[in-house]
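*Asks:* Given next are the chains, with one letter for each unit.
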Amino acid sequence: MFVSEERFISGSFEELAMPLFDRLYNFAHWLTQNREEAEDLVQETYAKALKGFRSYRQGTNFRAWIYQILRNTFLTSRTGLKLASSISLDEDSESQNLPVSSDTPETLLLQRSDQQLVQQALGELAVPYREVLLLCEFEEMSYQEMSATLAVPIGTVMSRLSRARRALRDAVQEMQKR
Amino acid sequence: MACESWKGKLDAYFDGELSAADARALNEHLNQCASCSAEGLRRVQWKRTVQAAAHKFTPDAAFRARIQKQIASPARSSWSRRWIPAFAAATAVLIVGFLVVNFQQGRSGGQQLLGELTDQYVATLASANPVDVISTDRHTVKPWFEGKIPFTFNVPELQGSPFVLVGGKVSYLRQSSGAELIFRVRQHQISVFIFQEEKLGHVAVKANVHSALSFQVKTWQQNGLRFFVVSDAGSYDLDQLSELIKAAN
Chain A
1 MFVSEERFIS GSFEELAMPL FDRLYNFAHW LTQNREEAED LVQETYAKAL
51 KGFRSYRQGT NFRAWIYQIL RNTFLTSRTG LKLASSISLD EDSESQNLPV
101 SSDTPETLLL QRSDQQLVQQ ALGELAVPYR EVLLLCEFEE MSYQEMSATL
151 AVPIGTVMSR LSRARRALRD AVQEMQKR
Chain B
179 MACESWKGKL DAYFDGELSA ADARALNEHL NQCASCSAEG LRRVQWKRTV
229 QAAAHKFTPD AAFRARIQKQ IASPARSSWS RRWIPAFAAA TAVLIVGFLV
279 VNFQQGRSGG QQLLGELTDQ YVATLASANP VDVISTDRHT VKPWFEGKIP
329 FTFNVPELQG SPFVLVGGKV SYLRQSSGAE LIFRVRQHQI SVFIFQEEKL
379 GHVAVKANVH SALSFQVKTW QQNGLRFFVV SDAGSYDLDQ LSELIKAAN
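Protein sequences, first through last, are from chains A and B.
With our numbering applied, the first sequence covers 1 to 178.
With our numbering applied, the second sequence covers 179 to 427.
So here's chain B without its partners, still in its complex pose:
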């Protein structure tokens, strides 16, 4: 195929819209053709310039609060209005006492844990061989982990979603083995780490969403397993993939 035809496919390639076969073929061509490769680089730089320029307007906090109030759940009953504040205050005293004792230990442990996970995510991004089992088929990836990790989990059905399963590998955290599943959405890579909750010990990873080193980390506990979704993709993508994983497990 002539270079002009390849260049005609570059935008769709960087938009993540080429079929897997076309993307592979174009990728091979880019590795061999200096002219197309340079053109590809220019397109990516231009795309990033537009992306950065498009992020221009920020809503103010008062407006956000107004919208939040507008869509918040309707008012509770008069009984709740009378008793919930008193009950909440009493509970808060107990909880605060408990938290003060555990906070420092838990927070440092939690931050350290998230740091380790983002390190693993970056290592996978940078690796020439990011996965041990390469497959877009969830029925291949799940059985591959059998005997390698001390638990099982389900890989979500991705048909109709923007996500593509790339593969998986065994991961280690706090001296215990777990699974790392790698997904792709457009040009972003997402790692999903799965470990046994009890093996992670008492760490402050109860909050839903974290930002670590500019990466988004979404975490939850389900059926004795702790899931971490780590990526540089937007929080919307993380939410969407998390919902699919939750539904499968």
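Bound conformation, chain A alone:
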């Protein structure tokens, strides 16, 4: 049976992209912090990904590829640009391979913190920390996949993740003190 190239591409894209829909939306909502903006972001991501699907190399990591599109689309959006101009991460010190400090007895308190508190703290984290935590803990991406998605070296992924974990713990502790 003859199947046009356009239909073949569209069908393959749908098979790969739709299983990721719920998770992409969750990630987009965490980035934008707004339902309408998250929907716009996901819609634009799917449109761009479908258009650029010919350039996607079969057999490579589709998930990292589409998350990268979503993230780049967010960073060039009005909200993304506004956030980027207000955030300054010390990328030089990020490249150092930081040891993970051992936890204090305060950690015990953190285990009892409720989910809402963690959600609130996560929502207030700087976007680079929020996204690396989401990709690691929720998406369960490998460091290699995160490196591809965030377009940074693996060493930076590791140190940023370490800082993000520390920042989240500190933020939850601060909230508990209030």
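These aren't lab readings, by the way, just hints derived from the structure by calculation.
Take these hints with a grain of salt, some might be off.
[Claimed, not checked] In silico DSS-like links for lysine-lysine, alpha-carbon gap of 30 Å or less:
| hint | chain 1 | residue 1 | chain 2 | residue 2 |
| --- | --- | --- | --- | --- |
| 1 | B | LYS424 | A | LYS51 |
| 2 | A | LYS82 | B | LYS234 |
| 3 | B | LYS187 | B | LYS225 |
With chain A fixed as given, assemble chain B onto it according to the hints.
*Replies:* Leaving out everything else, chain B in the frame of chain A:
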């Protein structure tokens, strides 16, 4: 190595990013050191708390439908538009008649079969000796099954993928023997069961993906063999591993 150094590796360990040798060494240390073991437990609990908290937003059905429509295949030709509905309706009448007869028997058989497989998956998870042949080398695992099961299959090349082959063992379903291959992806275990399609009889396992007791089961038929991929990992991981297995067979 001092405990502080071990603790510095805990996050990478629970992220599944330590080398096999380091992971083994840390695992041994955790078995002997109460302090590091307690710290490890706290890290896992915290990781799970963040994971659960991160799952916060759900898209609504209308939005999903809009995206689905946006990326769906382009419209068919005018000939198809005229004739396919009529043809489909006629075919549907025949198919529905056939299915009604077979549905009850098939569905109960299929559900029972999937239940048995998830039981076997959980038994493997809980077992102190989950595999009979322990090897990450596909060239060791495949020959081990020779003479033990009445068919052969190929183990996929996993280099460059996030999956690790743990080993395999003989499995039984509907009084016939088959293979169970065990893979690991990060902290999840995935079992791949392979049986002869004809030995499973007439059961409703034609659908691609099932959820049984919260486990994902992906199944397909290929070259007379029926493959079942069972895990608590995400559907993306199951899809990726299934593609590798399909390509190898």
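*Asks:* Does each hint fit the structure? Answer for all of them.
*Replies:* Results of checking the hints against the structure:
Distance hint between LYS424/B and LYS51/A is fulfilled; the C-alpha atoms sit about 28 Å from each other, no more than 30 Å. Under the criterion of a C-alpha separation no larger than 30 Å, the hint pairing LYS82/A with LYS234/B is consistent with the structure, at around 24 Å. Taking the CA atoms of LYS187/B and LYS225/B, the gap is about 15 Å. The hint holds against a cut of 30 Å.
In the structure shown, no violation is registered for any of the earlier numbered hints.
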